[in-house]
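**Q** In case you want the letters, here they are:
Number of protein chains: 2
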Amino acid sequence: MEDRRNIWIEEYYTSEMCTHICLRVKDYVYRAQSEFQTVDVVDTHDWGRVMFLDSVVMVCDKYEFIYHEMISHPLLFSHPSPKRILIIGGGDGGAAREALKHPGVTVDMVEIDGMVVDVARKYFPGCACSFDNPRLNLVIGDGVEFVKGKKDEYDIIVVDSTDPIGPAVGLFEEDFYRCINAALKPEGFFAFQSESPYYYSDFQKQVIGKLRKIFPLVKPYTATIPMYPGSFWTFTVGSRKFDPFEIRRRMPLADFSLKYYNYEIHEAAFALPEFAKKIFCQEGA
Amino acid sequence: MEDRRNIWIEEYYTSEMCTHICLRVKDYVYRAQSEFQTVDVVDTHDWGRVMFLDSVVMVCDKYEFIYHEMISHPLLFSHPSPKRILIIGGGDGGAAREALKHPGVTVDMVEIDGMVVDVARKYFPGCACSFDNPRLNLVIGDGVEFVKGKKDEYDIIVVDSTDPIGPAVGLFEEDFYRCINAALKPEGFFAFQSESPYYYSDFQKQVIGKLRKIFPLVKPYTATIPMYPGSFWTFTVGSRKFDPFEIRRRMPLADFSLKYYNYEIHEAAFALPEFAKKIFCQEGA
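Residue numbers (my numbering), protein chains in the order written: chain X, 2 to 286; chain S, 2 to 286.
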């Protein structure tokens with residue numbers, strides 16, 4: 002019999018709530034309130050299973066590969082010899098899954114909200130497939146506290162967080178970036194998801210300003226991620242030595258099971274449209 | 002007094018109507034039925050003024066620059082000496098506006114629906130600003146008929162059409178592509194908007210197959226256009242001689258008033274994510 006239920010879930014794109022995406026719901030799978038946020042899991046017709054944190058799309062089956070490949074591989078193929086990786090956030094497991102495709106890499110992952118990890122394990126097995134990998138050390142805790150006092154430990158640090166409101170707000174502060182810098186080895190890379198210039202350009206200017214005080218090289222790169230508002234998404238790299246545009250570990254990609262990343266995409270991701278240059282490249286960076 | 006009207010306009014992204022974008026409406030500006038389609042003009046809070054053709058977003062103030070710059074400049078900066086351009090469709094005027102930024106270029110523009118041109122002139126002056134340019138020859142008529150029998154006339158032909166349903170369907174046929182090929186000079190480029198791989202991959206495979214029978218070189222390129230479903234948008238080039246990836250007219254861009262296109266973006270646009278390569282690059286193209 003035809004399913005005639007007409008249930009929809011919406012995500013508003015701005016605080017003024019004048020644009021939103023509507024997804025038709027097949028089934029409402031899970032809803033709970035953690036210590037930090039509300040967690041919803043919904044099966045939709047077009048995007049497959051979707052996780053919302055505080056009513057904002059975090060991941061969905063249809064598009065999560067883009068975000069997770071692009072927050073991981075540009076750094077991992079640019080660093081000349083990545084071994085120790087720290088992921089802050091990333092509770093769904095997708096970023097860890099991609100990082101662990103690189104042989105010899107070990108990952109510390111620090112997620113503040115244990116419920117996100119539990120929900121991913123149960124409802125997003127495709128993302129969470131690396132949680133039992135012996136090269137992953139999963140810590141439930143505050144990433145800001147975790148990096149404090151660390152010295153010269155990581156080759157790459159990735160912040161895979163929600164928007165800069167709610168539990169993630171401390172992950173966009175200058176003090177935190179100073180601790181990140183100290184925790185990195187001298188050739189280290191730091192990267193984080195830095196929102197869409199169509200919705201967060203003021204935030205981006207502020208954050209870039211903070212990073213430039215700390216890292217010798219600051220570079221944004223982009224990907225088109227249709228599950229997020231505006232789709233034109235940025236990641237920003239703070240580098241202690243190397244230019245992340247350069248691919249230093251060029252090896253055959255066939256074993257990496259990639260759906261988005263390749264070496265042409267790596268280089269293309271660093272090209273910025275004119276309007277975005279004005280946001281990210283002030284002061285000649 | 003605060004405007005408390007709560008009026009929304011929606012665009013459905015698939016025929017199954019399980020995903021749609023909702024835009025809050027400030028004012029309903031215009032609605033009419035032309036010989037070919039319904040035309041709506043709506044002022045929205047986030048996207049500015051929007052034109053819908055048959056309930057599908059055609060242009061909006063916020064994002065039209067991306068589409069119009071990217072359907073025009075990659076060809077115009079790649080062709081070694083573009084002089085005569087034909088635009089089929091493009092009734093809002095945006096593609097002509099961009100093409101005419103190139104000194105010495107003349108444009109024939111053939112739009113089937115005169116109402117779209119009239120509406121653009123009245124309600125989208127930013128797009129329609131070139132309609133009175135003496136280097137533009139505007140023809141209201143059927144582009145398919147217009148190119149029939151033309152030989153060796155154009156350096157570049159651009160098809161700026163709606164989706165391959167309704168009045169635009171003839172613009173995606175093999176016979177039409179043969180006429181385009183004949184109408185081009187031996188060094189000519191043909192390009193058209195070729196939809197998003199997230200929604201139209203079967204169509205894209207078919208169209209690529211048709212083009213490959215006719216053009217020695219067929220290449221897609223991409224742009225992120227948040228006003229269209231999936232945002233990850235493609236244009237496809239059929240070339241008689243040159244590779245459109247190569248920039249052959251590298252000149253200072255300061256005079257072109259560009260918000261999206263630049264030479265890095267030109268080259269980056271030809272990089273395809275892995276999943277899109279599988280759609281576009283079958284048979285070793």
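For the record, the hints were derived by calculation from the structure and aren't laboratory data.
The reader is advised that the hints may include incorrect statements.
Which copy is meant is left open, because identical chains are indistinguishable; a pair holds if it fits in one copy or across any two.
Said to hold, decoys possible - With a straight-line cut-off of 27 Å between C-alpha atoms, the simulated DSS-like cross-links for lysine-lysine are:
hint : residue 1 : residue 2
1    : K152      : K278
2    : K151      : K27
3    : K278      : K63
4    : K206      : K260
5    : K186      : K152
6    : K123      : K149
7    : K206      : K84
8    : K151      : K278
9    : K27       : K152
10   : K279      : K102
**Q** Each hint: holds or not?
**A** Verification of the supplied hints:
Taking identical chains as interchangeable, the C-alpha atoms of K152 and K278 are never at most 27 Å apart, the minima being 33 Å within one chain and 42 Å between chains. In the homo-oligomer, the alpha carbons of K151 and K27 never lie at most 27 Å apart, since the shortest distance is 46 Å inside one protomer and 52 Å across protomers. With identical chains, the CA atoms of K278 and K63 are at most 27 Å apart between copies only, with a shortest distance of 17 Å across copies and 30 Å within one. Taking CA atoms no more than 27 Å apart as the test, K206 paired with K260 passes between copies only; the shortest distance there is 18 Å, against 31 Å inside one copy.
Proximity of K186 to K152 under the C-alpha cut-off of 27 Å is restricted to the intra-copy arrangement: shortest distance 8 Å within a copy versus 64 Å between copies. Proximity of K123 to K149 under the C-alpha cut-off of 27 Å is found in neither arrangement, the shortest distances being 32 Å within a copy and 60 Å between copies. Neither within a single protomer nor between protomers do K206 and K84 lie at most 27 Å apart by alpha-carbon distance, with minima of 31 Å and 41 Å respectively. Taking the closest pair of Cα atoms, K151 and K278 never come within 27 Å of each other, the shortest separation being 34 Å inside a single copy and 42 Å across copies.
Proximity of K27 to K152 under the C-alpha cut-off of 27 Å is found in neither arrangement, the shortest distances being 48 Å within a copy and 54 Å between copies. Taking the shortest Cα distances, K279 and K102 sit within 27 Å of each other only across copies (22 Å), while inside one copy they are farther apart (35 Å).
Violation of the numbered hints given earlier is confined to hints 1, 2, 6, 7, 8, 9; the remaining hints are satisfied by the structure.
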